[in-house]
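Asker: Here are the chains, one letter per residue:
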Amino acid sequence: MAGEIWVLVEQWRGRISDITYEVLALGREVAEALAGSLQAVVLGPGAGESIFSLGAADGALMVEHSALAEPVPEVYALALAQIIPQRQPQALLIPQTNVTMELGPLLAARLAVPFLNSCRDVQVTDGRPVARCILYGGKVEASVTPQSAPAVFGILPGVRPPEQGRVERAPAVRALSVDLPTEFPLRFRGYTELEAGDVDITRENVLVAVGRGIQRPENVALAEELAAALGGAVCGSRPVIDQRWLPPSRQVGTSGMIVKPQLYLALGISGAPEHAQGMKEAALIVAINTDPRAPIFDIAHYGVVGDLLEIVPAMTTRVKQGKQAA
Amino acid sequence: MLNILVLVKLVPDTVEELEIAPDGRSLDPASVRLILSERDEHALEQGLLLKERYGGTLTVIALDVPEVDDVLFTALAKGADRAVKITGMEPGPSTWTAAGLAARTLAAGPGLLPADLILTGVQAIDDLDGQAGPILARLLELPYVGITCRVEVDPGARSAVVVREYVGGVTGTFEVSLPVVLGVQSAEKPPRYVPVAKVRAAMKSQRLESVPASGESAVMRVEILQLMKPEATGRAVMLDGAPEEVAAQLCDVLAARGLL
Ligand SMILES: Cc1cc2nc3c(=O)[nH]c(=O)nc-3n(C[C@H](O)[C@H](O)[C@H](O)COP(=O)(O)OP(=O)(O)OC[C@H]3O[C@@H](n4cnc5c(N)ncnc54)[C@H](O)[C@@H]3O)c2cc1C
Ligand SMILES: Nc1ncnc2c1ncn2[C@@H]1O[C@H](COP(=O)(O)O)[C@@H](O)[C@H]1O
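Chains as they are written, first to last, in the working numbering: chain A, -6 to 319; chain B, 534 to 793.
Where hints are given, some of them may not hold.
No more than 16 Å apart at the CA atoms, straight line, and that leaves these computed lysine to aspartate or glutamate pairs for EDC-like [claimed, not checked]:
1) K731/B - D602/B
2) K253/A - E197/A
3) K722/B - E585/B
4) K722/B - E685/B
5) K273/A - E57/A
6) K731/B - D614/B
7) K762/B - D291/A
8) K762/B - E549/B
9) K313/A - E777/B
10) K737/B - D603/B
11) K762/B - D659/B
12) K313/A - D602/B
13) K313/A - E217/A
14) K316/A - D785/B
15) K762/B - D284/A
Not everything, but these chain B residues come out facing chain A in the computed CB check (under 10 Å) [what the hints assert, rightly or not]:
16) R558
17) V655
18) G666
19) P667
20) A670
21) G716
Think of the hints as simulated: they come from the structure by calculation, not from any bench. Glycine is no exception: its CB is placed at the ideal position from the N, C-alpha and C atoms.
With the hints as extra help, turn the sequences into a complete structure.
Answerer: This is how it looks when you write it as structure tokens:
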């Protein structure tokens, strides 16, 4: 059956996110393997303005409604739950970000359809889409297939290069209508920007990043010393921020900051996708981790299996000596 | 007085080396040590903070799996009023099954519903087929907000203001009527620590309630073909040696790039 493959266009504050193009590139492959057409699904008022880079898709399905002005997952899920039965796509690929987090499960629960989470790839085998999903923080992977169609897939960042899915051409547009209530039990009240911290980690050339492997708040000083010697700043992964060992302005990752420094030194960070999304574009990534199987080594350029508590002070000493000699 | 329910789940500790069972589709139970999911520590803490601020009762609910008693007694020692385990289900249920069981247990367990707030961790690391919170919310026909990092309740108005994380440090604020299901990302404070002596005391003075699992188990809807260890793509150039040697090599790498 030549059905449709849908890709949800993820937008954040009026801009289409890179991951949308990555997922469009994946969707193109899946659609071809299933001899279906690729449709980009655009939700929101003024949806039409954003379609000019969606040429990787054969068509754009446009749902314009004032209730879709902000990405409120409950409302988005309701809109998708109305249009899916209208056209019965084979698959809906949702770029998996903080914006879309609850969409897949809410939708799957509403429609009683399969939902496959944390997919790092989808390939077609014997006419069925088979996803590779990551489990246990990247320690295990599963190949999984939905037992019925339509199926919803949450796709992790990095499935394909975004350039592959960014095609400057407007696809053929079809408007779909939805009937959304004006009152929801959930009312969006506005965004709040993060209070600026003492340093803006998105502007630093050198970042020394600490994860749970730093173990104790006192040890953060080791990273501070190295950062000072290198002329950079310290940032961290979520558990370190959650413990309040560093302020929220220093968090790197999906919920935190996206950084692209010249050097990212990852100390005791496992490399979970939510963290990797915030730092994988750094020019040079060096990881120090006691676990040789830590996923961070897959995105690092240089890696050391070892104890950061021993290596970091040794590095600081070296860097300082080098500076004195010069 | 708020009625707060916190659903918690035990997940394999990834500090252990997880091994795949001979069937190729599940984990070898011998390699698995179960611990409370990190996000659930935050859900419990958020629940305790709300109880302390507005008054009420807090009940923790978990499926009966190995180590669950320790987790539930720890929650009681931290300040939960009741601890309920759902007993008699098949091991390793899917998220759908777990959410279905939880929904039915809430209805069957004495004094659990109506609840004002049902808290879950936003996502557990063993995820595959979904997140229990949104599924549970749909089954109970309640609103759901995920990735929360702050909750304020207006008990008189039966509403709450919930802060949800978006991207780049930006948060969104929602007003929602109670009851609501929340997927907690971070509590407003780091989860509290409770000394072992207090947990032991809870084991002596308090008891766990059991509610038998009931009803049909939900369909899995997805088929696991195979579990595997990810192939190391091995992009990193690995350096080794004593700490000083490694430090020297790393400094050479940085110097070569003009970073020193
Ligand atoms: C919706 C959502 C949003 C999220 N947003 C973010 C985000 O913005 N940023 C973020 O970082 N995370 C985020 N997370 C959390 C993410 O999934 C991971 O839990 C987190 O990144 C793990 O942090 P970590 O690597 O520091 O800790 P862990 O995964 O616990 O890793 C610690 C590492 O330290 C190593 N280690 C231990 N001791 C030592 C030592 N002495 N020397 C060297 N290495 C050592 C261990 O081997 C391990 O690999 C989010 C999660 C969700 C669900
Ligand atoms: N078996 C379960 N028993 C109790 N709570 C659960 C169970 N499964 C999931 N939850 C709750 O839902 C959250 C998200 O889990 P998951 O859907 O596995 O990502 C968990 O952190 C728990 O709060």
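Asker: So, for every hint listed, does it hold in this structure?
Answerer: Structure-based check of each hint:
Distance hint between K731/B and D602/B is fulfilled; the C-alpha atoms sit about 14 Å from each other, no more than 16 Å. For the proposed pair K253/A and E197/A, the alpha carbon gap of about 9 Å is at most 16 Å, so the pair holds. About 13 Å separates the Cα atoms of K722/B and E585/B, which keeps this hinted pair within 16 Å; it holds. Pair hint K722/B plus E685/B holds up; C-alpha atoms about 14 Å apart against a cutoff of 16 Å.
Annotation: proposed proximity of K273/A to E57/A is violated, straight-line Cα distance about 34 Å (limit 16 Å). Pair hint K731/B plus D614/B holds up; C-alpha atoms about 14 Å apart against a cutoff of 16 Å. Pair hint K762/B plus D291/A holds up; C-alpha atoms about 13 Å apart against a cutoff of 16 Å. Between the alpha carbons of K762/B and E549/B the distance comes to roughly 14 Å, so the proposed pair stays at or under 16 Å and holds.
The straight-line distance between the Cα atoms of K313/A and E777/B is roughly 14 Å, inside the 16 Å bound, and the hint therefore holds. Our distance criterion of 16 Å between C-alpha atoms is met by K737/B and D603/B, whose separation comes to about 12 Å. A threshold of 16 Å between alpha carbons decides the hint, and for K762/B with D659/B the separation of about 14 Å falls inside it, so the pair holds. Distance check on the hinted pair: K313/A and D602/B sit about 52 Å apart at the alpha-carbon level, beyond 16 Å; violated.
Distance restraint check for K313/A and E217/A: the Cα-Cα separation of roughly 13 Å lies within the 16 Å cut-off, and the hinted pair is therefore satisfied. Distance hint between K316/A and D785/B is fulfilled; the C-alpha atoms sit about 13 Å from each other, no more than 16 Å. Restraint check for K762/B and D284/A: satisfied, since their Cα atoms lie roughly 14 Å apart, inside the 16 Å limit. Checking R558/B against chain A: minimum C-beta separation of about 8 Å stays under 10 Å; hint holds.
For V655/B, the suggested interface contact is upheld, since its CB lies about 8 Å from the closest CB of chain A, less than 10 Å. With its C-beta approaching chain A no nearer than about 8 Å, G666/B sits inside the 10 Å limit, and its interface hint holds. Below 10 Å, beta-carbon pairs count as interface contacts, and P667/B has one with chain A at about 4 Å; its hint therefore holds. A least Cβ separation of about 8 Å between A670/B and chain A falls short of the 10 Å threshold, and the interface hint therefore holds.
Interface restraint check for G716/B: the shortest CB-CB distance to chain A comes to about 7 Å, inside 10 Å, so the restraint holds.
Violation of the numbered hints given earlier is confined to hints 5 and 12; the remaining hints are satisfied by the structure.
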